[in-house]
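Chemist: Okay, here's what each chain looks like letter by letter:
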Amino acid sequence: MAVTASSEKTAAVQRVHDRYDAMVRRLIFTRTASLSEQALNAEIEPVLAAEARLLDARAFEQWQAMLSDEMQFWVPVHPDDHPAKDQALIYDDRRRLSERVAHFFDPQAWAVVAPDPLTIRQIGAVEAWDVGTEIIATAPIALLHVRRGAPVKLTGREILSLERNGAGFLITSKTLILPELALSTPHLGWII
Amino acid sequence: MTTPLSKAPDDPTRPDAVIARGPDMTDRMNHLVRDELLHRSVYTDQELFDLEMQRVFGGTWVFLAHESEIPEAGDYVRRQMGKRQILIVRTEHGEIKGLINRCTHRGTTLVPSEAGCAKRFVCPYHGWAFDLDGRIANLPVPDSYDKLYERPFDLGQVAIGERAGFIFGTLAADPIPVDDWLGAAGPWLDLHVARYPKGKMKVQRRKVVQEFAGNWKMSWDNAADGIHATFAHASYNTLGKSADTDTVLARNPAATPMVSKTLGHGHCVVDQRPGIPDGPWSTMRPLPTRDDLEESLREKGHEAQEMFDLMTGDMINLSIFPNLIFVGNQIMVPEPVAPDRTKVNFYLSMAPEAEEEVDLMRLRVDEDFLSFGTPDDFEMFERVQEGLRVDEEEWIDISRGAGAGDVVDEDGLVTGTVASEAPMRAYLAEWKRLMSKPIPTKVRRARLEDSRFMQIIKKRQMKKEKTS
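Protein sequence lines, in the order shown, are assigned to chains A and B.
Note that our numbering has the first sequence beginning at 1, numbered continuously upward.
Note that our numbering has the second sequence beginning at 1001, numbered continuously upward.
Treat the hints as calculated values from the structure; they're not laboratory data.
Predicted model only: the values in this text are computed from it and were never measured.
Every residue gets a Cβ at the ideal spot worked out from N, C-alpha and C, and that includes glycine.
Certain hints may be false.
Result set (DSSO-like, lysine-lysine): computed pairs, CA atoms no more than 30 Å apart in a straight line [unchecked claim]:
no. : chain 1 : residue 1 : chain 2 : residue 2
1   : B       : K1083     : B       : K1459
2   : B       : K1207     : B       : K1343
3   : B       : K1202     : A       : K85
4   : B       : K1442     : A       : K85
5   : B       : K1147     : B       : K1464
6   : B       : K1300     : B       : K1200
7   : B       : K1207     : A       : K153
8   : B       : K1083     : A       : K153
9   : B       : K1198     : A       : K9
10  : B       : K1200     : A       : K9
11  : B       : K1202     : B       : K1119
12  : B       : K1083     : B       : K1343
13  : A       : K85       : B       : K1300
14  : B       : K1007     : B       : K1458
15  : B       : K1343     : B       : K1442
16  : A       : K85       : B       : K1343
17  : A       : K85       : B       : K1198
18  : A       : K153      : A       : K85
19  : B       : K1147     : B       : K1466
20  : A       : K85       : B       : K1147
21  : B       : K1119     : B       : K1458
22  : B       : K1442     : B       : K1083
23  : A       : K9        : B       : K1207
24  : B       : K1007     : B       : K1466
25  : B       : K1200     : A       : K85
26  : B       : K1119     : B       : K1459
27  : B       : K1119     : B       : K1007
28  : B       : K1147     : B       : K1459
29  : B       : K1459     : B       : K1007
30  : B       : K1463     : B       : K1147
31  : B       : K1083     : B       : K1207
32  : B       : K1198     : B       : K1300
33  : A       : K9        : B       : K1300
34  : B       : K1202     : A       : K9
35  : B       : K1343     : A       : K153
36  : B       : K1119     : B       : K1083
Heads up, incomplete: computed chain B residues facing chain A, CB under 10 Å, no partners named [what the hints assert, rightly or not]:
no. : residue
37  : D1050
38  : E1072
39  : R1206
40  : A1213
Taking the hints into account, I'd like the entire structure generated from these sequences.
Modeler: Spelled out as structure tokens, the structure:
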């Protein structure tokens, strides 16, 4: 059978493209969005702070409870990348994210255990916008990771999308922009 | 006044001088690299590292780029050959040149970015301009030089060789042809590309670069090491098992029919196919977008295994010494930084002539091992480097397989099980050969008489001399 390309797009492949395009749209939106409203910022800031705190505490069960089933997690190599065109450091769906968590507790996952990593995520000013279909939030973030060898310090920006869930919120996507990926970093097997 | 090219042929200041640098190391190499033993300093010594940057990364062919990265005239990528930055450029005539990214005036690097498209390369310091083929095209105040046309200001170049779209370069004055150097590895390289529809492989623009605190040769010790897959990558195999999948690494190394082969000049291959009867795609567990992309392919009428297998690697780990390692769909290029520091460039190869689902899947497939496999390799490399600091434990045993399973053919090439350390011994033999003697090298340059700019200057200056 021929393995070369046909031109028609199926509904299934379109779904993949739509998810990827939405991730890129959120990222681009935050670059030039107008001033955010204080009230929404104040509502969203505890969500981002709690997410960072739970990850640092390795409280992954509580952390996963903050995520939507549709959760996407993207760490592009460069902020101009597109998940349909460029390999990323990470592009996870909800399933691979839970594998990542399970991996952190596998005693044979030599690069991420013994000694267990110590991390601090420091979140800067949180800005959030209600764009109708979802809430988009962004904040600068500094990460410190200590395990074996030299401490790893990274600075970046996170972009989250959220949906209202009763009185609270569920995170539907997270993009982590880390400029140092454009040069070189140690392995980032611990990043989530 | 003596001009550069009127100097005696053996004058080392000539721009085209052939020079063999550094001391004869034969005795020291014989001490450090033995049939079954290897000395720790091969991984730790600064002097050996500095010599490697000349003799291994310069004195023999090294991988620089793939032709799909520079499809159009003016396209270039910047690559590292030891300490030298090399621009791999497509000229107006479609030729490929390897230009040293160094202005011939004061030494400024011409290009600050990793890739781009240029009409010519202009030095930002004093405005010297060079054509895509390296010839000097212009410089300011040319009359301030006496006999400018006899000065070798064209950019330095490396020799370029190609096979199956892969571009190699060397500074060796008299290198053997690339096909001879590849030898038995050449057909494996051809085979790697042949699986791509219409024979077209494309290297993605974006690479992942990660570094480890260890010597670059750790990558080589690991490349054909079939035992580490079971232990170092136990956690990757656990992820597979949790989804009822046997990863390619989850095979019993004592029983698998996978084989490793040495291919000459330090090259080697591990053929995993005999151990994967259900084909490459059977080794992959559920991945992001996999369900949608498989559904899409089936909807288009694709049921053949071949299409699905194309989404992951070919299960042939080919390693071309000193810096080209194929694993999965990734092209790993180790880049030495210091005796105890190495960057690894992970390039992703794509199948542009296949259904788009294939490349969409390839993107997510290769993030998987980078997340759950590569970190464990790096962890091991760093811990080996830590262990090698013990001065009193001088030797590493590298004898596995020798006299215990290895089969040597009439050309001296070895076939063994995946437990054999024959590939390690083979690359170390090539390393030893390269490191033992000074290797004559030279910087190539465009021929002066071909430079239009220089012709104009020459005419003008001769006219001036006549009239005065």
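Chemist: Any hints this thing doesn't respect? Which numbers, in order?
Modeler: 1, 4, 20, 27, 37, 38
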